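Q: From just these sequences and the hints, can you work out the full model?
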Amino acid sequence: MINNRLLSLVRKEFIQIVRDPRTLYFTFAIPVIQLFLLGYTATTDVRNVPLAVFDQDRGPAARRLIDAYLAADYFRVIRNVSSEAELRKLIDNGEALAGMVIPPDYGDKVAAGRTATVAFVLDGSDPNVASTSFAAAELIGQAHSSKLTVERLVRRGVLEAMQPSLEVRAQVWYNPDMVSAFFMVPALIGMILQLMTSMLTATAIVRERERGTIEQLIVTPLRSWELILGKIIPYVIIAFFDTLEILVVGTFWFDVPIRGSLTLLLALTGLFLVGSLGIGLFISTVARTQQEAMMLSWFTLLPTVFLSGFFFPLAAMPPVLRVISYVIPLRYYLIIIRSILLKGVGAGSLTTEIVALAIFGVVVMTAAALRFRKRLD
Amino acid sequence: MQNLIDVQNLSRAFGKTRAVDDVSLSVSGGEIYGLVGPDGAGKTTTMRLLCGVLRADLGQVTIAGFDVGNQPEQERERIGYLPQRFSLYGDLTVMENLHFFAGVRGLGRKEWLPRAREILTFVGLDEFADRRAEALSGGMRQKLGLAAVLIHRPQVLLLDEPTGGVDPVTRQAFWQLLFRLLREGVAVLISTPYMDEASRCNRLGFLNRGRLMVEGSPQRIEARLKDRILEVEGGPRVILERVARDDPDVEAAHAFGGRLRLRLSRAGSAEIQSRLEKAMIGEGGLVGRIGPSPPTIEDVFIELLEESDA
Chain A
1 MINNRLLSLV RKEFIQIVRD PRTLYFTFAI PVIQLFLLGY TATTDVRNVP LAVFDQDRGP
61 AARRLIDAYL AADYFRVIRN VSSEAELRKL IDNGEALAGM VIPPDYGDKV AAGRTATVAF
121 VLDGSDPNVA STSFAAAELI GQAHSSKLTV ERLVRRGVLE AMQPSLEVRA QVWYNPDMVS
181 AFFMVPALIG MILQLMTSML TATAIVRERE RGTIEQLIVT PLRSWELILG KIIPYVIIAF
241 FDTLEILVVG TFWFDVPIRG SLTLLLALTG LFLVGSLGIG LFISTVARTQ QEAMMLSWFT
301 LLPTVFLSGF FFPLAAMPPV LRVISYVIPL RYYLIIIRSI LLKGVGAGSL TTEIVALAIF
361 GVVVMTAAAL RFRKRLD
Chain B
1 MQNLIDVQNL SRAFGKTRAV DDVSLSVSGG EIYGLVGPDG AGKTTTMRLL CGVLRADLGQ
61 VTIAGFDVGN QPEQERERIG YLPQRFSLYG DLTVMENLHF FAGVRGLGRK EWLPRAREIL
121 TFVGLDEFAD RRAEALSGGM RQKLGLAAVL IHRPQVLLLD EPTGGVDPVT RQAFWQLLFR
181 LLREGVAVLI STPYMDEASR CNRLGFLNRG RLMVEGSPQR IEARLKDRIL EVEGGPRVIL
241 ERVARDDPDV EAAHAFGGRL RLRLSRAGSA EIQSRLEKAM IGEGGLVGRI GPSPPTIEDV
301 FIELLEESDA
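Here the protein sequences line up with chains A and B, keeping their order. Read in our numbering, the first sequence has 197 at position 197, and its numbers run on one by one without any break. Read in our numbering, the second sequence has 264 at position 264, and its numbers run on one by one without any break.
Derived by calculation from the structure, the hints in this document are not laboratory data. No experiment lies behind these values; they were computed from the predicted model shown. Mixed in with the good hints there might be a few duds.
Said to hold, decoys possible - Just a few of them, taken from the derived set where beta-carbon distance is under 10 angstroms, the chain B residues facing chain A:
#: 1; residue: Arg48
#: 2; residue: Ile79
#: 3; residue: Leu82
#: 4; residue: Ser87
#: 5; residue: Phe101
Glycine included, C-beta positions come from ideal geometry on N, C-alpha and C.
A: Here it is, written out as structure tokens:
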């Protein structure tokens, strides 16, 4: 199967790639830069929410309440304000995302055994932050409230120091610190791989057509599949190096573990790549210029990213979109790569995904190859 | 010598347009056949049909005994096709380009290098072997293109306007290479817009609107207008042209260089000449010289074009 003709094509492609430093830079530097950017910025962890406190009581009980909130390591007091207007201003201009208002009679009420009310204001313009802050505010408040109740009862001599009646122990498997990077890095590998392989393949083929070099190749004994493979193989090899590069950075910098078999991961990555290369090949039969090829690669990637469960969980999507996500290869690859890296599972648990990727790859490749016919007409 | 190119009743249409309409021709080894005609006549389409790059609607093409339709792979092995838009890989060197084209033609590791060196010497590019193709001059690129399509020793060479945009000296050098190939028994089909190149072919075919109007050696073609061309030197041209066109025996008058070439509807004679001269002088023109001129291929082609457009 590997013959002189194919070898010549692959060799020529590599020479051209190496002599095009800009594309080379794009291929190897961008993934790492993206990895760093997304790895650090795209966290869904909400921490250090800036909190403005309007403490009208200023007594020790209020102090304890504020400390309880700070101890949860969730809020960060940025200012103690002295009026509600000031609080509002801080939230309006975004300096604070949450505000706590403690009424002047807080300490008195607590000491008297009555219910004290504390107000919490949240900035709802970022629903992500608002919902987690909301939950945190309530939970911390309730925990503190329980503690106070127990103290009251103990003081009255109703009971000795009591154990809570129910303790829920939640254990997070695979990602105990729930580090976003563990979630993002594998997903990033999939996204970058799909973008790179489809775009590079598509532009490489379209460039040949733009130059007119395809016509003179048609007259040679070169077979269609050799022409296709000759264009694809160099980018498969590059994609593998990209994968290894991102894995290395992810493992050594972000401490993403590799709990499963690396060989299995690379093999299944190869399967995923067949689909991406097929997309690239297909785009090359549709695009007439290199710019069109690049734009089409992006247009295929964007909905892919949104519908694959990368940023937004599939469970949260309307059923229509969830159904569409079944034909998106990135969806299956994300499951595969996260499973292998973080859960260390073997091929047995991934049969559905493997079959889905295989079907997608075969269908897209075949469709693309058929379109890419050797004759001009 | 046997017919290496044999075309029978070739036809191909694009929608309603008949790009190639019932064309038949043949070229034997050691012969160079020139395909000439106006823009859009169907020369490039004909060549593409011969290569098998385009599928014919009707007709048969046999190259070195192999049919284009049924045996495309074998047929392509024996053809060297230099398309009009031949593109080399600019970022590859001359040698790397040849290596690629050799490899794609199936030449193995041991064969391609000596063959490439041989070809580079043949075309005169050996000292530029390591230069990038994009750094070559126009003439050198044509030579590299020729080298690339010769590397597998084809028996048939199809050249689609190979010397476009190249200076006369380089064109001359290119033709010297072609003649050497002819001596080796290669059959060459070349399309060219240059009449001086056309006159160097063994045979010519004039294509217009997909139909082959006339075929024959340059001499035979020129003979069509034997004794029917008069040339007038003088001025002002406007007057001379008007007088000529008004004359019943003059079919057409065209400026050529500083002179006026007249095509007569019948063989010229002293009587026609003197009549014209008198008329021209009578209208206020000045006639330096008027006399018969041997017809050129261009004269014939203009006649054919005007005839078919009428």
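Q: For each hint, tell me whether it holds in the structure or not.
A: Verification of the hints:
no., hint, result
1, Arg48, "holds, 7 angstroms"
2, Ile79, "holds, 7 angstroms"
3, Leu82, "holds, 8 angstroms"
4, Ser87, "holds, 5 angstroms"
5, Phe101, "holds, 8 angstroms"
Checked against the numbered hints given earlier, this structure breaks none of them.
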